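A.B. asks: Sequence:
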Amino acid sequence: MPSSTSLSCLLWFSFSTLAVVAGLQLPSFSASSLWRFIFPNQIRIVGGRPALNEECPYQALIRAYKGEVSYICGGSIISDQHILTAAHCLQGMDYMLVQVGSQSLKYQPGTPIFQVSPKDVIFHKDYDQYLMKNDIAIIPLKYKIPYLLDYIKPVRLPKLSQREPDVFDDYQARISGWGKVHDSDTKAQANLQTAKVTVMPFWQCRIYFSIMYYELDDSQICTLYQGSGTCNGDSGGGLVIEEEDGIETIIGIVSFGTQLCESGSPGVYTNVGAYLSWISQHTGVHLRQ
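Count the sequence shown with mature numbering (1 follows the signal peptide of the UniProt record, and there is no 0) and you get residues -23 to -1, 1 to 266, in order.
There could be a bad hint or two in this list.
Derived lysine-lysine pairs resembling DSS-like cross-links, with alpha carbons at most 30 Å apart [to be verified]:
{"#": "1", "residue 1": "Lys110", "residue 2": "Lys136"}
{"#": "2", "residue 1": "Lys121", "residue 2": "Lys43"}
{"#": "3", "residue 1": "Lys121", "residue 2": "Lys136"}
{"#": "4", "residue 1": "Lys119", "residue 2": "Lys130"}
{"#": "5", "residue 1": "Lys173", "residue 2": "Lys96"}
{"#": "6", "residue 1": "Lys110", "residue 2": "Lys96"}
{"#": "7", "residue 1": "Lys43", "residue 2": "Lys136"}
{"#": "8", "residue 1": "Lys102", "residue 2": "Lys121"}
{"#": "9", "residue 1": "Lys130", "residue 2": "Lys110"}
{"#": "10", "residue 1": "Lys96", "residue 2": "Lys119"}
{"#": "11", "residue 1": "Lys102", "residue 2": "Lys119"}
{"#": "12", "residue 1": "Lys130", "residue 2": "Lys96"}
{"#": "13", "residue 1": "Lys102", "residue 2": "Lys130"}
{"#": "14", "residue 1": "Lys173", "residue 2": "Lys110"}
{"#": "15", "residue 1": "Lys102", "residue 2": "Lys136"}
{"#": "16", "residue 1": "Lys136", "residue 2": "Lys173"}
Label-pair restraints from in silico Cβ distances [said to hold, decoys possible]:
{"#": "17", "residue 1": "Leu74", "residue 2": "Gln266", "range": "30 to 38 Å"}
{"#": "18", "residue 1": "Gly44", "residue 2": "Phe100", "range": "17 to 25 Å"}
{"#": "19", "residue 1": "Leu108", "residue 2": "Gln266", "range": "29 to 37 Å"}
{"#": "20", "residue 1": "Glu31", "residue 2": "Lys121", "range": "17 to 25 Å"}
{"#": "21", "residue 1": "Gln258", "residue 2": "Glu141", "range": "38 to 46 Å"}
{"#": "22", "residue 1": "Asp222", "residue 2": "Gly44", "range": "43 to 51 Å"}
{"#": "23", "residue 1": "Glu221", "residue 2": "Tyr190", "range": "22 to 30 Å"}
{"#": "24", "residue 1": "Glu45", "residue 2": "His263", "range": "40 to 48 Å"}
{"#": "25", "residue 1": "Trp255", "residue 2": "Lys173", "range": "23 to 31 Å"}
{"#": "26", "residue 1": "Glu219", "residue 2": "Asp71", "range": "34 to 42 Å"}
{"#": "27", "residue 1": "Ile224", "residue 2": "Asp147", "range": "26 to 34 Å"}
{"#": "28", "residue 1": "Ser94", "residue 2": "Glu221", "range": "16 to 24 Å"}
{"#": "29", "residue 1": "Gln92", "residue 2": "Gly44", "range": "34 to 42 Å"}
{"#": "30", "residue 1": "His263", "residue 2": "Pro123", "range": "19 to 27 Å"}
Don't read these hints as lab results, they were simulated from the structure.
Model, not experiment: these values are computed from the prediction.
For every residue, glycine included, the Cβ atom is placed at its ideal position computed from N, Cα and C.
Let's have the full structure, built from the sequences with the hints guiding it.
C.D. replies: As structure tokens, then:
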């Protein structure tokens, strides 16, 4: 039986061959890093900057509690009473609180903050916590969110014609959250961070993960880390593009990625377009054709 080192080298050689055939630019990481899977709660936004007041008005902060331990997840406002996020953020939590309007984890005098408790949590019925499939959830809120000019407003959903995972290949997108900026950081950022990432061609990402025996499907999309952006980002946060009409549209939800940002591996997101009918069914949000 081959040793773990020789097996890693064999896998790396196989991946290199696949990558050359596919035209992929190989990231600079060692064979051993192929074994480093990200755990969803390791949050990182790398090479970003503090968000301006008018940026990311759809951003929601979810404070989730399990016993005496608290977790921070991201979410996106999609209606005045619904937050879209990742299922893995909320599973097994005792209770949670949703905050919108503020870009700081700490109270800032004069900042419009709206905090509300969930009425319920709706998990996708086929969510698989082990394979990270159907990693999507909706939080219906007890009270409606007051839209406040440029500070609090919803993000738009994709069109029904934009459901396929390759529709946004090579698009520039925005991620945001309070995740760590460097791998060496020990805690989240006090202020909301934002960064630009590139949507990775779907076929390339499938090849990338196939060598790790993980099968990407049409309900997932990827972004490529290129020195700035995210390897994982705030779990549950939105992957957002600006369409030709100037309106921001959410196309992904941060799901999982790789363990080290320096590895240059893709980050994986839930493909929002694949769940449009499910989202509309549970929120009543109108779908565009």
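A.B. asks: With reference to the structure, classify each hint as holding or not holding.
C.D. replies: Hints, one by one, checked against the model:
Among the hinted pairs, Lys110 with Lys136 is consistent with the structure: their alpha-carbon atoms are about 22 Å apart, no more than 30 Å. Restraint check: the Cα-Cα separation between Lys121 and Lys43 comes to about 26 Å, which is no more than 30 Å; the hinted pair holds. At most 30 Å may separate the alpha-carbon atoms for a hinted pair to count; Lys121 and Lys136 meet this at roughly 25 Å. Restraint check: the Cα-Cα separation between Lys119 and Lys130 comes to about 17 Å, which is no more than 30 Å; the hinted pair holds.
For the proposed pair Lys173 and Lys96, the alpha carbon gap of about 33 Å is over 30 Å, so the pair is violated. Straight-line distance between C-alpha atoms of Lys110 and Lys96 comes to about 25 Å, which keeps the hinted pair within the 30 Å bound. As the CA atoms of Lys43 and Lys136 are separated by approximately 36 Å, the hinted pair breaks the 30 Å bound. Distance restraint check for Lys102 and Lys121: the Cα-Cα separation of roughly 26 Å lies within the 30 Å cut-off, and the hinted pair is therefore satisfied.
Annotation: proposed proximity of Lys130 to Lys110 holds, straight-line Cα distance about 28 Å (limit 30 Å). Taking the CA atoms of Lys96 and Lys119, the gap is about 5 Å. The hint holds against a cut of 30 Å. A threshold of 30 Å between alpha carbons decides the hint, and for Lys102 with Lys119 the separation of about 22 Å falls inside it, so the pair holds. Pair hint Lys130 plus Lys96 holds up; C-alpha atoms about 20 Å apart against a cutoff of 30 Å.
Taking the CA atoms of Lys102 and Lys130, the gap is near 28 Å; set against the 30 Å cutoff, the hint holds. The straight-line distance between the Cα atoms of Lys173 and Lys110 is roughly 25 Å, inside the 30 Å bound, and the hint therefore holds. Using a Cα cut-off of 30 Å, the hinted pair Lys102 and Lys136 holds, with the two alpha carbons roughly 23 Å apart. Distance restraint check for Lys136 and Lys173: the Cα-Cα separation of roughly 22 Å lies within the 30 Å cut-off, and the hinted pair is therefore satisfied.
One distance hint, 30 to 38 Å for the beta-carbon pair Leu74 and Gln266, holds here, with the actual separation near 36 Å. Checking the proposed 17 to 25 Å range against Gly44 and Phe100 shows it holds: the Cβ atoms sit about 20 Å from each other. For the pair Leu108 and Gln266, the beta carbons lie near 32 Å from each other, so the given range of 29 to 37 Å is met. Restraint check, Glu31 to Lys121: a C-beta distance of roughly 22 Å satisfies the suggested window 17 to 25 Å.
Judged by the Cβ atoms, the range 38 to 46 Å given for Gln258 and Glu141 is violated: they are separated by roughly 20 Å. About 46 Å separates the C-beta atoms of Asp222 and Gly44, a value consistent with the hinted range of 43 to 51 Å. Restraint check, Glu221 to Tyr190: a C-beta distance of roughly 39 Å breaks the suggested window 22 to 30 Å. Separation of Glu45 from His263 is about 42 Å and conforms to the stated range, judged on CB atoms against 40 to 48 Å.
Our hint of 23 to 31 Å for Trp255 and Lys173 holds, since their Cβ atoms are close to 29 Å apart. A C-beta distance of roughly 37 Å is found between Glu219 and Asp71, which places it inside the suggested range of 34 to 42 Å. For Ile224 and Asp147, the hinted distance range of 26 to 34 Å is not satisfied, since their beta carbons lie about 20 Å from each other. Remark: the range hint 16 to 24 Å for Ser94 to Glu221 is contradicted by a beta-carbon distance near 38 Å.
Between Gln92 and Gly44, the C-beta spacing of about 21 Å breaks the proposed range 34 to 42 Å. Between His263 and Pro123 the beta carbon distance is about 20 Å. The supplied range of 19 to 27 Å therefore holds.
This entry does not satisfy hints 5, 7, 21, 23, 27, 28, 29, going by the numbered hints stated previously.
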